[in-house]
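Engineer: In case you want the letters, here they are:
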Amino acid sequence: MTDASGLDAQLRWSRDGFDLDVALQLPPRGVSVLFGASGSGKTSCLRALAGLEPACTGRVRFGDALWQDSALRVFVPPHKRRLGYVVQDAGLFAHRSVAGNLDYGFRRAGRPAHLDRDALIDAFGVRDLLPRRVHALSGGQRQRVAIVRALFADPALLLFDEPLSALDAGARDTLLGHLETLHATLATPMVYVTHAIDEVTRLADHLVLLDAGRAVAQGSLQATLARLDLPPSLVEAMGAVIEGEVVRHHADEHLAEVTFDGGTLLLPRRRAAVGQTVRCRIGARDVVLSLTPPSDSSALNHLRCRITAVGDADHPSQCLVQLRAGNQLLLARITRRSLHALALQPDREVWAQVKAVALGGQ
Amino acid sequence: MTDASGLDAQLRWSRDGFDLDVALQLPPRGVSVLFGASGSGKTSCLRALAGLEPACTGRVRFGDALWQDSALRVFVPPHKRRLGYVVQDAGLFAHRSVAGNLDYGFRRAGRPAHLDRDALIDAFGVRDLLPRRVHALSGGQRQRVAIVRALFADPALLLFDEPLSALDAGARDTLLGHLETLHATLATPMVYVTHAIDEVTRLADHLVLLDAGRAVAQGSLQATLARLDLPPSLVEAMGAVIEGEVVRHHADEHLAEVTFDGGTLLLPRRRAAVGQTVRCRIGARDVVLSLTPPSDSSALNHLRCRITAVGDADHPSQCLVQLRAGNQLLLARITRRSLHALALQPDREVWAQVKAVALGGQ
Amino acid sequence: APGRMVIAAAASLHDVMGRLVTSYRAAHPGARIDVVYGSSGILLTQIRQGAPFDLFFSADSGYPQQLADASGSDGPPAVYALGRLVLWSRDLDLAHVRLADLVQPRFGRIAIANPQHAPYGLRAEQALRAAGVWSALQPRLVQGENIAQAAQFARSGNARVGLLAASLTQSPAMRHGHVAAVPDAMYRPLRQSFVVTRHGADNALAHDFAHYARSAPARALFARYGFGLPAKAH
Amino acid sequence: MPWLSDQDLEALALTLRLAATVTLLLLALGLPLAWWLTHTRSRWRKPVAALVALPIVLPPTVLGFYLLLWLGPQGAVGRAMTALGLQTLPFTFAGLVVASMLYSLPFVVQPLHDAFGAIGRRPLEVAACLGAGPFDRFVSVALPLALPGVLTASALGFAHTVGEFGVVLMIGGNIPGQTRVASTQIYDYVQSGNYAHAHLLSLSLLLIAFLALLAISLLRTRRSAHD
Amino acid sequence: MPWLSDQDLEALALTLRLAATVTLLLLALGLPLAWWLTHTRSRWRKPVAALVALPIVLPPTVLGFYLLLWLGPQGAVGRAMTALGLQTLPFTFAGLVVASMLYSLPFVVQPLHDAFGAIGRRPLEVAACLGAGPFDRFVSVALPLALPGVLTASALGFAHTVGEFGVVLMIGGNIPGQTRVASTQIYDYVQSGNYAHAHLLSLSLLLIAFLALLAISLLRTRRSAHD
Ligand SMILES: Nc1ncnc2c1ncn2[C@@H]1O[C@H](COP(=O)(O)OP(=O)(O)OP(=O)(O)O)[C@@H](O)[C@H]1O
Ligand SMILES: Nc1ncnc2c1ncn2[C@@H]1O[C@H](COP(=O)(O)OP(=O)(O)OP(=O)(O)O)[C@@H](O)[C@H]1O
Ligand code: MOO
Ligand SMILES: [Mg+2]
Ligand SMILES: [Mg+2]
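Residue numbers (this note's numbering), protein chains in the order written: chain A, -11 to 350; chain B, -11 to 350; chain C, 956 to 1189; chain D, 2 to 228; chain E, 2 to 228.
In short, the hints are calculated from the structure, not lab data. All values reported here derive from a predicted model rather than from experimental measurement. Just so it is clear, CB atoms sit at the ideal spot from N, CA and C, and this is done for glycine as well. Heads up, some of the hints might be wrong.
[To be verified] Sample of chain D residues facing chain A (criterion: CB under 8 Å; computed from the structure): (1) Pro124; (2) Cys130; (3) Leu131; (4) Ala133; (5) Val142; (6) Leu146.
Modelling step: build the complete structure from the supplied sequences, incorporating the hints.
Structural biologist: Here it is as structure tokens:
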């Protein structure tokens, strides 16, 4: 991928006992997720991209703009990069109220008229907090304020460092939904650091796996997640991400029927209208394989597939089965006992059974 | 529950726009999880228990010790409560190295000989960090140091405020395992704040649900999670937690066979030996119901159950089915379409199908 | 025409210079006359660095002479009074007390002005040497930066006795103390002189005041404050 | 009991004017200087820091004496000023301002330096990412966060100038209405044994100062209620 | 070029002894005082804070004058001391120490107060939960975190005492080896027109102070490398 209009960075940086050496090519739209273990260098990458670490050498190009080139002695300071950076600990200004914090970047961005501030304030549920002092906010409240503040600055590039890790499941789900909507409407690319799998699968278009200061894998989400050779930290995330078209709504049952290349799925109805394309993730652990199409089971979805490969999972009792339904790759995680009992092997035809509820939460 | 040797607290505290009014009865052993949305008062509770908020009135008794009684004007200061408090943002001492931070509580606890410091240091993977300055740690590294520091203080009560929210999935899994081991060996009760479902299900013995400063439900994990009337934020967590005895190991397949009152389960083998009691959670979303015992399917476990009740789920397309297998309650989340197609209703007998891999990660 | 002038006066002239200006002002209504007090040494330094003082009344003749030698004055110094040293105490009866008696411990600490640069301090040293007690008294001597400060040490009782300018002991604040004269012979005469500075050379008021300072009413005032009088000039 | 004389009032007014002028100028000078000291990586940092601190150890009279020599008509600065057709500084209000600034500089810069240091890099980084340039960050983030330090610096600078004596005496010349401030006026009263007037003027000075300090302390508390 | 006389050396030594004594005593007094001011909820807080700050505005000579009156044999304190069979304080080294402490107190307490305030409650709370009692927290957490402030306070206190002149002039009595410090010695040289000696002694004082300040600045940098 050498898209001239995306983010293209070559970062090199050594400091006591930690070496960062990362080449990133991120697409000009959508969400690129940096994923990696604690201490693998995710925050360091974001800081270098933001221009907060002048000691980091290399080259950073964003669209047409050259932000940094150590060889040419180019270095654009952070405040000229039009960033929306949400740092790991929120970093709210203690001397300003919540409203004052939100206003800070907004004013410096020249009060952009196209920003619907009220909508953002409501979406992130910070209206009641506006007059509050930031010391009187809970951890989650701070994080929400920090997100809205970054969005108010009308950034050309969003940098989010684990913005949801302080939120409860409910709030996170809501915020994730809003972030999804945002990135569809805002067209602002986002580099997103997280170690939460559901954030990866729901938000990422592009995935970069960091390990000990190096990018060990990067590519589109679909291509990356269906690989069998990912590091163990990703096993929970593994599975297929399927994009299909909503063809019908079953109104009384609140289900949506989605067709894709490899078949049809029923899933809990979402806001998407008929004809729209939706994304849904089928986790490897949610897939049950059987040799015959199951009957009288509560699992609604059955896809006819062909086994393409079998690989190891993270536990010796289990293995990963890669399947193809039409052009779409699926993954199933099953026990080795079942693999043998059902005599599964590449090229065999099987039925993949997926509960509709397993497709709901995404 | 009026166990005289546990933690018994009655906390009342008003401050601009937020009222805390919570009565807690926590058992003298094991992990009590405070669970609730952002801003519901979890941190406030912990701070009040620690004695950091003298403005909070009420009564706190821990075992035989009366820590606070506003009526009697009793107030034991924090440093006399023998606490191990891990705060939400780690709170490391900036003027000390990692080793110096760890040493701090240890020395003040009188260098307790029974603490196996090396084991803890290795368990939490902080050995390499010992000489480091705390400013040079990543978010996750800080949190791990804070946990070890609290344990080094040889506390009588552990208070953990979202200690794992800054960790990646791999590190979290490892740490959760160590926390599980710890609470089995240390006998130190723990009050644990989190909004991560897997932490609840893996660690909690006792669950307190906080909402807007009030405890809306509390009780043992099993009793609480299998209720059908929990708030929506808990839906993902719902399911059964089953305790059973390991009766056999299938060594070549790395599976363990566990029997409980309602049947037998095969699960990925863990460290537990034959004869030991293990806990495993069966999430409502992982259960598939069928009318006949399935054949040639990769799902290893099939339990014969009787439906006891049907309730609403968080999405209108779905419902929750409460089942009984022996004395054990299970929950299944299925679509209403399946409910009708299979004509499921209370008292009906069904087969609950659970993949072994779904039981693995806990 | 009512003018303005600033007089720099040695610390030993506290009070008497004020009176002198008051009586002079009665004849020159509208003129603004300010007095700046300091130790003679500092005043000289300041004048040499361009201080806008029109007249310089020193506690001796040496400092004005230095100014004159450096052509910082309008004309040579003129003696306006002869300074006198006295022994003063707030609460000790000094009748029949001679300087030599000061070695007795009952006199406690003894205040003098700094002999290095305050003319009265130097005279005090000479007198104590003449009495043969200078070395013996060393541990009990406390020095004021100028003679007014030495007076303050004595007045506050922190020093039991002081070797002070007679003029200061005539002020209302100190008139109630006990005084003993120091024989003139024990120290070199203090020929207190003044000059019109170069700054004041063109100031008619300054020249007029210089004239007044040697007039009969002025001499009477100096005498009332315990000064000796120089031979009448001109 | 005497009442404050016209001269006393004049001296008090002059004192306040001097202290206010000096404090404002010192803040104008000290804020950027302290900021520079906090954030520069220049190798001039330490020498400049030590230089700024030096006036503290000079006895004020000594400082005043050297200023008198340098700024006077024979001094290097004085000659240059005369050559430019300017009045030399000693014995003028402007001279007092210059000298007092030099004398009180460290008492203003040091607390500012500490306060800026205590802010840490985080809020400034956040501000930069929100589009604030260096000067903007200084004004909109560093200054408000360092407010307690700014107040302390102002209080110390103001009070130190009010309490200034040695420097003023040396290069001021104690000229009424021009360079005779309250402190030298009190000294005069004391020297002439006029204790009643000395007490009264001292009391006035104390009262004014107490009110000023109280006001600053109130500002501090209002602000620290935010923590 | 003259060399430093024995008297000069004596004065320098006395100056350093005085400044060191005063600084140590002021830290011993100022640390708990600033700590108390930072954390108390007593209603005496504001009055005490204002009282501590008051000496700043008093011209040193005025302060010295009142000390002379109060501590002298006629003064309230002096009478009490005489009644107890003690020597009165004016004209003694102990008197200089007491007066200088009073004079420099605010310059020590203020930076300490700021530094303690900047620490925030969090580290202290964490320490409490790790079993540290109030005094322990003060020593093991507050002090090291406030180190830059402690250094500033020490530097200001030390330097201010070295530069002390007015107070010493008023209650010192200029007794060699006892109360004649460098500042008064230089002043004497200036007064008697002995400029060469004045320059030399001033230079020595500057050099010593510069070295002391440099040392403190180095300590600060070592420490701030941790941020
Ligand atoms: N200021 C610093 N000086 C030296 N090393 C540092 C500094 N900050 C971080 N490091 C080290 O750099 C490495 C990468 O840190 P970074 O903060 O980028 O990790 P991360 O991937 O964001 O981790 P986390 O998920 O825990 O936030 C870590 O090993 C850390 O110890
Ligand atoms: N210092 C304070 N002053 C006033 N109100 C506060 C203060 N700190 C927190 N609050 C309010 O108290 C409520 C409870 O806060 P608390 O920190 O206990 O929430 P929490 O459950 O820990 O949330 P989170 O999961 O986001 O950390 C919130 O509404 C918060 O806004
Ligand atoms: O009046 Mo003087 O000059 O102090 O002796
Ligand atoms: Mg990070
Ligand atoms: Mg919290």
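Engineer: Decide, hint by hint, whether the structure agrees.
Structural biologist: Right, here's what the structure says about each hint:
1. Using the Cβ-Cβ criterion of 8 Å, the hint placing D/Pro124 at the interface with chain A is satisfied: the shortest such distance is roughly 6 Å.
2. Evaluation of the D/Cys130 hint against chain A yields a held restraint, the C-beta minimum of about 4 Å falling below 8 Å.
3. Contact between D/Leu131 and chain A, as hinted, is supported at the beta carbon level, the nearest pair being about 4 Å apart and thus within 8 Å.
4. The restraint placing D/Ala133 at the interface with chain A holds, with a minimum CB-CB distance near 6 Å, inside the 8 Å limit.
5. Annotation: interface hint on D/Val142 holds; nearest CB of chain A at approximately 7 Å, less than 8 Å.
6. At its closest, the beta carbon of D/Leu146 sits 5 Å from a beta carbon of chain A; the interface hint therefore holds under the 8 Å criterion.
Consistency note: the structure conflicts with none of the earlier hints.
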